[in-house]
Every structure is written in structure tokens, then in C-alpha cells.
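Which chain is which? The protein sequence lines are A and B, in order.
Sequential numbering of the first sequence, starting at 1, is according to my numbering.
Sequential numbering of the second sequence, starting at 404, is according to my numbering.
Hints were generated in silico from the structure; no laboratory data involved.
Values in this document were obtained by computation on a predicted structure and should not be read as measured data.
We put the CB at the ideal spot given by N, CA and C, even for glycine.
There may be inaccurate statements among the hints.
Stated by the list, open to error - Listed below are several chain B residues computed to face chain A (Cβ distance under 10 Å; list not exhaustive):
1) Asp413
2) Ala423
3) Asn425
4) Ile579
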Amino acid sequence: MNKKGMPGNTQESDYLNYSFEDFLQDDFFISSVKEPSEESEIFWTNFQDRGPDNIQEYVLAKQYLQSIAVPADPLSDDEISHMWNNISSHREENKKHKRGKLLFIAIGVAASIAVLVISFPFLMDIFSHKDASDIIAYADKNKVEVPDNSEIQLVISDNKTILFEEKEATITYNQNEIKTEKGVLEKEESVTIHQLIIPKGKRSVLTLSDGSKLWANAGSRVIYPSEFGKDKREIYVDGEIFVEVAKDANKPFFVRTKDMSVQALGTSFNVMAYESDALKRVVLVSGIVKVETKESKGTVLNPNTMFQSQGGDEKIIPVEADKYISWIKGLYLFRNERLGVVFERLSRYYGIKIECSPEASMIRCSGKLDLKDNIEEIMKGLSFDGKIIYSQDGNVYKINKGQ
Amino acid sequence: MRDPIDNFVDDSSLWKSFLAGNDVAFTHIYKKYVQTLFHYGMQFSSDRELVKDCIQDIFINLYDNKEKIGFTDNIKFYLFRILKNHLINALKRNQTHIAFLDSQEKQAEAYTEDTAETLLIDIEVDMYVKATVDRVMSLLTIRQREIIYYRFVENMSIDEISILTEMNYQSVANVIQRSLKKIRSFCKKTE
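Can you make the complete structure from the sequences, with help from the hints?
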């Protein structure tokens, strides 16, 4: 028996003998009452016009179905907010008794509901390959390998690239221009895709045309349009960035990487996704983001939470977000991190080759390094307790386990 | 109006997020389900204040005990289950019997059709029928009310109900049959 259309096996004449219970166990009757269509209306009008004996049964069944479907007196908006006040005031009380929990921004009920309505106009499916955006295609086509410690490059078009000699370049986009330490550049009329290439040993601070501010770490490339489109803001990252997304209720902000997509609005978070590295991380500082990968459709993160993917193995770990973004201030904080990972980061940051033996790379340690120090001082600092020994062979530093 | 965040998260992500301590997720779960929970709760008691209190209680408990709560990919039915248990316990504690809804005047508007046949039944009988429908709910067992709710309000098929309640197909069909008989025979008696 099909639900929507005409009754399948039941003849019109059968309905003439139906009781109250029979009607209410008939799919066609039920769907006619709940979701009437032109055909069903005609059918039942004909039925009633015949003046059947069981008309009372029919009417009772219909009325029963209609009356049960909707609560007689649904909750009023006042009642809903009043109940919520009771729930959240209890919650606030309890918070004082609990030990240091997650950082979050406490907002009243009305405000939080307003935030939900205004701040999350997610309209699109974010990870469909048919939606292969220009950004991702451009990223693929224009992948460039640059020598360590070479100049930072801002590629504006096929025949225009700006070079920066500084260790850290600061670039700001606004409506019409691009401001750098070298001066002011006029933006082109039409929207074009730009690529910022940061070799190992260098870093940059980039402000995009919507006001979002982005710190890019060594060995990264960031690809973005000179002006964002109407309905979304999208950038591509191969490397590591920390971004403070400017609030724009109408345009969700996407950070695309090779295997991951991070969607955010008015938040600040760190994405570490070097294409050459199997370890990927997203750390949320504030706000809310959704991470999508081939393995998982949508992981929502809370502040001070890290999403980590190691070659397809995904984990969500509570962290102190500050530690993961200390690099933007020129500090490297790590806690119980394997030395292999630490040296990998230092190698990128300083743009020098560091080879770490397998035994040494497994050693875990915690520390706080000032990245303004030169690499010699860093090496001395890390090896002072004898756990590891460093030596230099030409341009390469070699790390071995101590003793 | 459909809340935009519904496009953003599915039930498992929303629930996971709440369990991890995300207050925005918690607020959203409340906002999304409070009205439905109320409607469901009113199947088991016509005491409005009691149902509201129970809803508040379950949200407070959820929040306080989120570390111990398990995973779900269907928040609505999870909430239904804990509300029902909470409500039944409260009813037992108070030894409240189901109150009868007095004001039928308001409910006259429940009948929407203007086919010729509805006019055959005058207003008095309308309200009378409505009154008996409410009263007869008190004749149904908890199990019967629950299944009637799933069948006629949630519009679940018998298969779906049998999965949810962990009863076999025939048992569910029987419950529906028996419930409908009770409802109808009650109406007959009062004709």
C-alpha cells in the first residue's frame, strides 16, 4: 500500500465497512489526514458524499488523529524562557563548585539564542568534491618548492611577485590596496587569487580584505582571493596558521587544507596542516568551528580543544590552546612532546636541517623556547641535562641520545 | 522556523559537543527539543506544571552528569526516554492520578475541516468527543500511550516503533489495536 497516493489494495467499498480502529490502522487514511493531497481530498469527499453508515467512525477517527497531533496548549515563549532561566541558574550555581573547567564565554539566554541565530547561517555542504573551488585547484596547480631561508614571496599574478627580505613580513589587505613594509600596492580591478609563500626560517602576518588576521608559520603557503566573494570566505593553507576570523554573519569562513576543511565564524583557531606531514592539528582558542575530513563528516570543537589527525587516525584532545599558538609571539611552548616533533618544528622555523636519531626523537620533554634566540642557544638549552647530544656536520645539526 | 544551526551539526556531533562541555550546544539542544518534550510529556500527565518541572529537572541532571552520560545519535528519543522515566517516578511519588482537562471550550477550534459531514455533528458533541478523548487517555497504560504517541504524533511505522521499543512487530501492532479499541469503546459507552 503506498502512503502518499491512492490506496493500494483497499477498495473504496472496503472503507464503507471500516471501524474507528480500522481507519486508524490504515496508512492511506492516516496520511490523508496528516498530509492531505488533492487526490486524497477528492477521494474522501467522494467517500463522505455517499453517506456511508460508518460516517461516525470516520469522523471520530479523523478528529482523534487531528486532536492528538498537536498539544492542546503548547508551551508559550514565556514559559520556555522561564524554564530555561531555572535550568541555567542552577547551572551557574554549580559552576562555582567545579574545578577549573573549560574556558567559555558566559552569555545570558537571550544573547546566546541571538548568537545562534545570527552567527550560524551555514548554508552549504562544505566538503563535496564536486564543489572543487578555485582556491583548491589553484593550490594544486601552483605548488612551489622554495629554498630554505629564501625570500618570502607574495605572488599576485603570473607575472608579478613581490619579494620580502625580512624574517617576518607584515601584509595588510583592505578595500583597494595591499600595504606592506615596502609600500602600498593598488589592488587589481578584478578579483584574483594570491599566494603567499613563506620559506622555512621565515614567517608572516597577513590581514585579509575582510579584516581577518592570520599569522603564518615557517614553511607555509597561504592562498586566498584578493577580495572575498558574496557568500563565503575561503582560503587554502599548506602549513601552519593561527587565524582570528573577523565576524561576518553572512559569510562563513573556511580554511581548506589538503585533507581537511575547517569552518568557522568569528573565532580564533590554529591549523597545522603541512602537506608533507602526516600529523595535522586544529586547535580552537575561542568561538566554534567544525572540522571535516574524509574520515569524519563533522567534528564540532569547543575552545581549548584540539582535533588531531595522524594519517587518518583522528582524536579530540582537551588542551591549553595558548601553548599551541605561542609561536605567533615568538615562543615555543610544549609539554610532554616527543623531541622528534620539537626538532621538526625548530627545523622549519629556523630553516635549517636537523637530523634526529630515532632513539632521541622518542624522548619526551616539556619546555619553553624563545624563538628569537639563535639555533645554537636553543641547542645548548635543550641538551644541557645530557639527555641528548648535538653536533654539527656542515649545515646539518645531528641529534643523538645522550649517555 | 528552522534554526540555521541545524544545518551545521547532526545529532551525534551536537551531543558529543554537549558532553564535552560546550554550553552553546546545551542551549541549542534545549531550544530544539523543549516543545516536543512537552508534548510528549503531556501524554503521560495532564498536569502542565509537573511536566514542565520534569523537563527542567532532566536538563539540570543532564548538565550535572554529562561526564557519565553515554553517546547517542538520536537526541530526541534519548530525551523522551529519560523524561518518561522521570515523569513516571514523579507521578508515583506524588500518587497523582491523571487530572481531567476541564476547559473544553478552547478545544472547539481543534476541528478544522469544513466538509459537509463535520457539520452533521454539532458543537456540543464535538466538545464531548474531545473531552472523552482526553479522559480516555487515562485508561491507557504507559506503554500504550507511548506507542500511540510514536505512531500518531511522530508518525513512525510499526517497524520503527518495534526497533525503538525493542518489541517485536506483532506486539507493537497488538498494542495499537488494543489501545484503539479502548479509545473507541469508551466513546461508544458515552454516546
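Each hint tested on the structure:
Hint on aspartate 413 of chain B holds. Least Cβ distance to chain A is approximately 7 Å, under the 10 Å limit. The beta carbon of alanine 423 of chain B comes within 5 Å of a beta carbon in chain A, closer than 10 Å, and the hint placing it at the interface holds. This hint holds: asparagine 425 of chain B has a C-beta 4 Å from the nearest C-beta of chain A, less than the 10 Å allowed. Hint status for isoleucine 579 of chain B: holds, given a least beta-carbon distance of 7 Å to chain A, under 10 Å.
Checked against the numbered hints given earlier, the structure satisfies every one of them.
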